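4 protein chains.
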Amino acid sequence: MVLRDVQSEYDLRNVYLKRVGVKGVRYPIVVLDKTNGVQSTIATINMYVDLPQNYRGTHMSRFIEVLNEYHLEINPKRVRDILHKLKDVLNAKRAVIEVEFPYFIKKQAPVTKSESYLEYICTFEAEIFDSRFDFLTSVVVPIHTLCPCSKEISDRGAHNQRAICKVSYESREMIWIEDIIEIVEKSASAPIFTLLKRPDEKYVTELAYDHPKFVEDVARDVALELKKYDKIKWYRVEVESFESIHAHNAYACVTSDELQG
Amino acid sequence: MVLRDVQSEYDLRNVYLKRVGVKGVRYPIVVLDKTNGVQSTIATINMYVDLPQNYRGTHMSRFIEVLNEYHLEINPKRVRDILHKLKDVLNAKRAVIEVEFPYFIKKQAPVTKSESYLEYICTFEAEIFDSRFDFLTSVVVPIHTLCPCSKEISDRGAHNQRAICKVSYESREMIWIEDIIEIVEKSASAPIFTLLKRPDEKYVTELAYDHPKFVEDVARDVALELKKYDKIKWYRVEVESFESIHAHNAYACVTSDELQG
Amino acid sequence: MVLRDVQSEYDLRNVYLKRVGVKGVRYPIVVLDKTNGVQSTIATINMYVDLPQNYRGTHMSRFIEVLNEYHLEINPKRVRDILHKLKDVLNAKRAVIEVEFPYFIKKQAPVTKSESYLEYICTFEAEIFDSRFDFLTSVVVPIHTLCPCSKEISDRGAHNQRAICKVSYESREMIWIEDIIEIVEKSASAPIFTLLKRPDEKYVTELAYDHPKFVEDVARDVALELKKYDKIKWYRVEVESFESIHAHNAYACVTSDELQG
Amino acid sequence: MVLRDVQSEYDLRNVYLKRVGVKGVRYPIVVLDKTNGVQSTIATINMYVDLPQNYRGTHMSRFIEVLNEYHLEINPKRVRDILHKLKDVLNAKRAVIEVEFPYFIKKQAPVTKSESYLEYICTFEAEIFDSRFDFLTSVVVPIHTLCPCSKEISDRGAHNQRAICKVSYESREMIWIEDIIEIVEKSASAPIFTLLKRPDEKYVTELAYDHPKFVEDVARDVALELKKYDKIKWYRVEVESFESIHAHNAYACVTSDELQG
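Residue numbers (the working numbering), protein chains in the order written: chain U, 18 to 278; chain V, 18 to 278; chain P, 18 to 278; chain R, 18 to 278.
I should point out that these hints are in silico values taken from the structure, not numbers from a laboratory. Just so you know, these numbers come straight off a predicted model, no measurement behind them. There may be inaccurate statements among the hints.
Unchecked claim - Computed cross-link-like contacts, BS3-like style, restricted to lysine-lysine with a CA-CA straight-line distance of at most 30 Å:
1. LYS104(V) - LYS244(R)
2. LYS244(R) - LYS110(V)
3. LYS94(U) - LYS214(R)
4. LYS250(R) - LYS102(R)
Next comes chain U alone, as it looks inside the complex (with noise of 0.2 Å):
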């Protein structure tokens, strides 16, 4: 028996679709690190094509198919095939892939050495349209920040908070995201870890106190940063901080478009 195949029917609406796939998808990847060659991980992944005004559906299953066959591996090349693959299975111009997973780095307290996993949650955004191929990778830092206003008006303390600074990026070539996140922590009032003991807190309470930093500030910092990379083409610094005095967030933005100087 064959069945119908609905999809691949005339459409009459001539209407074209920039995005159609799959959201969502939970699957199992590997992601290259750093330090241990490759680390498991677990994606959210979302798959688009685009879909011409004379076809009714796309074939979501088809986006599974490809999928199966990478996600033992992803990473900027292995996406770049992956692409291309969808464009090809699904007749498309454009493919777009969004790529969500927790990776982990293995830290050490600043003064006891005391060993703990953190994660960082990084995105890769890709999409192919034509001969072009764009390629986005994000990464979200756990920091920690000191307000400067709040230091310098009071006599004593200083507010602070656990913030995030999301970094992404466009690179000529491949940069490690132990490397943006080396920066991310520096620039930060300080770095966050998974395990401190008593002389790490009192190590991180100090250096906090020491590097009062609005999110302006990180968001500057990182930037001036990345400016320096030569490997990155674009980036977008965004800084959010948990206030502590507020139940609201403080925000900061700064993309490479802007900067001046």
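For chain U, the structure is supplied; the task is to place chains V, P and R on it using the hints.
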């Protein structure tokens, strides 16, 4: 035409269901407000009844019909009416309702008296079973905590952070949510505000520095205040701080059952 | 005592910040309602301005002060006033506001005319930059979709599911959200209701079975209706169905830029 | 320099705390896998102990140190070791751990046998108190349900939707999660798959249409299967369907306590 009532059919499996009903219903409701009489808000509502072993299913639409009659005023007395009505129209022995809603209070900044609204997430959880009626109120209060250990061991500064304190209680007579919130905010290192001008920021920074509190301290201090409150039959205090030196949280919980002394 | 204004200090880093401000502010607001004049609801609000390269920080409290003046009526005209005010009090060239809020409409079931409320998540996103004012409205409409392929290839039944259609648009004059919702609900396999009695359930089941729609179909049909609407300058239609045979979603997106014919 | 141990100071408030500890720790772990021996995954972990009334605070860093020793193999036996260790290093009478993690199983489509991964969210919740050890395993299985009422009253079609069935159980000896999943998937209108080709889609559409199930039916059928399982001491079955004709969910719950007959 008469449509068959599949739900009312006789069920041979002989399995009594403890809870059947609707979950995640979003509905506009009106609640009592100590200052203004009433407050319009938006609730997420779950409603359940039990189902005897000989019926195949409950009638989900009747839950919404009952809600339609009562949503314009949700308060402890009305909740009891809703549960009686649910038992009635659904031939149940047990009826349960859970209503979660944001509640806003206009607060004054400590020095400049600038006004702004702060959100407190509240919950009513009530159950009727035979002649027994249980009613649990919860309120989540965002607060500020400053770490006593960090203050003690550091030469300057102390890490602090946003935290929440959730108080759940059964009471002999109605208690204004505002009164519980006041207890919690006094037991924190400092309260939280949506609008703080510079003199206010100086005030709360120093207030917190002068009142360092572990999550354990906040839990105990709130518990001791609630213990004095004659109207309260039972309570649970949970404190969770979004540690600013970690990416995970610290947690403490006490219930009136375990309270010593 | 004069408290030092750290934010206003001269910044030597020479980095212009595109956006600085507050994020995730929860506030009670009042919006326009086609049937009842106004509707009370609760918003999640982000507000940003740009920050010239020579200033160290923005004044976060002023955002809340501006919101305090206007939150009792948030509509396109008022949003423009808010943005002008933000630019003014924060010496900015650019001001941005994003307001997300649940909006409730009382709907009648198709056969029994039983009434109930349904929630639609709406967003206003507006930006002033120099003399330019952009205002984007979005509404998320929960709908029902039935798969044309599944219906065609199966001897009986067809898989169907809850889906959402998000319409975002810029318009020449104000459009009632209710009118956009009507377009979407007519373009789905069936609309969604909070209260359906048995005759209504029969009606929507058969309606959906008689109107099978891929996400691609809904996107195209909504787009074609919006295209007829003279008041609309630009739009994007996104449809996402929570596929009942998968744990992931199907997605389609069309914008007025790509519309052919 | 010796840093003062504030946590160990004598507390005069005389309040025993039921639980203190860390919440929301994200950590890479390894779990047992029926087919492959082990599986790498990522957990969200809460760990608590009780705190006697005479101590001011617990030592949060020790929780992470214990986790560091054991995270590379989390299974029922190891969980018991972790709890003993926590009691030991934190001088507690009670120790609790909650570990939630995604677990992936490679499944074959019913007709074409195409393979793909499906995610099941699992939880281990364990507590040691004096000599008592409690261990609860939960697994959330995404399923497909088709409404018997809608099928019965409609001339054609029947509404159906994605649903989840969460089974929580205590067992006398270890049970493979895979075995619980199999019971649930057989009790649904149809199982769910990540990859289905057209012949598979026809199969599951017809399978579901031929096996209409209320949430009540799924709860009861799973319960009856679990009842046959000698290894299981106690269980709770919760079914929640994301109703495709509503924006809210239908829910049913049964525990082994209430099971009749």
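Structure-based check of each hint:
Annotation: proposed proximity of LYS104(V) to LYS244(R) holds, straight-line Cα distance about 29 Å (limit 30 Å). Of the pairs offered as hints, the one joining LYS244(R) and LYS110(V) holds, with about 25 Å between alpha carbons and a cut-off of 30 Å not exceeded. Taking the CA atoms of LYS94(U) and LYS214(R), the gap is about 28 Å. The hint holds against a cut of 30 Å. Only pairs whose Cα atoms come within 30 Å are accepted, and LYS250(R) paired with LYS102(R) is accepted, the gap being roughly 26 Å.
Every hint, counting from the list given before, is met by this structure.
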